[in-house]
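With chain A fixed as given, assemble chain B with the ligands onto it according to the hints.
Protein sequences appear in the order of chains A and B.
Quick note: the first sequence uses the numbering used here, first residue 1, plus one each step.
Quick note: the second sequence uses the numbering used here, first residue 1, plus one each step.
Hint data in this document are derived by calculation from the structure and do not stem from the laboratory.
Beta carbons: idealized from backbone N, C-alpha and C, even for Gly.
Hints should not be assumed to be uniformly reliable.
Here are some, though not all, of the chain B residues that point toward chain A, as calculated from beta-carbon distances under 8 Å [unchecked claim]:
id: 1; residue: N131
id: 2; residue: H153
id: 3; residue: V155
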Amino acid sequence: MPINRDQLIEMVDKIPTFQESVHRILALTTSPDCAAKDLVQVIEHDPILTIKVLKLVNSAYFGLSQEVTSVNHSVVYVGINTIKNVAISVATTGALPKNNKAGLNMNRFWAHSLAVGVIAKLLAENKGVGKNEQANYFVGGLLHDIGKVLFAHFIPAEYQAVLHKAESENISLHLAEKELLGFDHSEIGAMVAQKWQLPADLIDSIKSHHRLGKQDSQHCPLSLAIYAANQTAHYIELTKEASESEAENLLAQAAKIDHELPEAVKEWLGWPLSEVCKWLSNLDDEIEKALAFIDLSEGEPTS
Amino acid sequence: MIINLRGVRGSIPVPGKDTVKYGGNTTCIEITTDEGDKIIIDGGSGIRPLGNELMKQLPVSCSIFITHTHWDHIQGLPFFLPLFVPGNNIDIYGSFDPVYMKDLKTILAQQMEYCYFPVRESELNANISYNNLKEGEAITVGSAIVTPLLINHPVLNFGYKVESNGKSFFFTGDYEPPLNIYEPEDEAYAEYQRLVDQQKKILTDFIQGVDVVVADCQYTRDEYPSKKGWGHGTHDSCIEMARDANLGALYFTHHDPTRTDQELDSIYDDVMSRSDLPPTKFFIAMEGTEIKL
Ligand SMILES: [Zn+2]
Ligand SMILES: [Zn+2]
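This is chain A alone, in the form it adopts within the complex:
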């Protein structure tokens, strides 16, 4: 049942290319004074992206009094900066398969990815990361588990067994993957990110979100943030479950996550997870808002 490297590469090959436009937008926007017309051109050459940008700008979120009918119009109306940020948000979420036969719960998958994205962005903001870069933290969180979707999509039967093993033995999914498949989702996720030619630190953050590797200190802040955000999301989930079921062992598990954070992550974070969670008390609201950017197909956001 373990898969070999060729099969892995084959899977990566089959995933649609990350829309070229997304890659170009990320590249363009890393320079603070990217030419507005270049950005418009990239968006306009991707009809799906164009529709999504227009849909969002016309949504209740912006509450504009005129209808925006073209990308150029949106730039004149709300400014290039805003459109740049909107494009990054909507561009990075559209490339993934929507469902799978392995029984990977996609709602939970997105909820977790979104939570990690929002937490990473909030942490970045708190650490004084520049606004332009904060989008990368959100994207990093959103994509960190993308390897799971690939497994579930391309080897559903095998992955069902992985999910079952993790559940019944109460072990982490990446350990079950490693044992049964020989590779885990962070490895294949990083390969996809590479294929999509995402920025190097984004690739590293996907690759290292369960294992920072030996040279902890050499990881970029983005990787440390995604690692921290992922563990924070797990910590919050465990404490939430614990408060509902009063199960002591869940709290112990949460404490263990906190305790076992790699030194480099602890240092970057500066606080224990228990404190981070208190600080994130309105996380649900933040996630609720971020949802508008993830699935625009389900109608307009209402608030």
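Relative to chain A, chain B with the ligands alone:
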């Protein structure tokens, strides 16, 4: 109504001997209607002394409209004493930030996080309501109607029009007229220019014939080429606005922090000596100026 300019400086407060005449506080405009309703636009550092004055007559009721959440437009809010006193009623209005997905309350609460400020948002004891405005949504404050219009700045920025008893006032907040992002030889240039003109016309129509406008004029004609896209206007853009909209009077505001009183005076003289000015009366916004309408 009476319009009181409480802060006219852009970017950062600059107290000192060079800013005695025009003032060093950042943006804040106080409007009092004939019936005594209080409207405050922006909470730059100029809102602090205003708050101290308002405290002399409790309880305080006022509506604060925020053009945008750049620091120089909100930095005085945590020092606005009426917010701390039970029994005061304060309604705060502004736009939801759709890019950072934050509403006004969140932005202001974050401004008051412990690492920046010793009091938390939750310790503000006045009755405070936070209201996310939509463009064009008119708000009634006593006898006045306040209407926001989105105008160009690197973040979403509302210009506010205040109308009461037949008089009208408009403040741009921070505003740079939209620029064509294409070169004249580009195919999209003409279409984009049409959109730019259309957007400018929306503003012109919105403020047509307004009695008094206070408008962002951070840069001079000479400075502007190196500040394009920074989100601020010039004397030229203000004069164009005044001409197109037949304004009664226009006050140049959001003075660059490096600008001394002397420089403001000489720039003004220079601009006023131009031969092509419209009939609008032009003034340099000065902290403490009271405009009666
Ligand atoms: Zn400003
Ligand atoms: Zn500003």
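Consistency of the hints with the structure:
At its closest, the beta carbon of N131/B sits 12 Å from a beta carbon of chain A; the interface hint therefore is violated under the 8 Å criterion. The beta carbon of H153/B comes within 7 Å of a beta carbon in chain A, closer than 8 Å, and the hint placing it at the interface holds. Among the interface hints, the one on V155/B holds; its C-beta lies about 7 Å from the nearest C-beta in chain A, closer than the 8 Å criterion.
The structure shown violates just one earlier hint, number 1.
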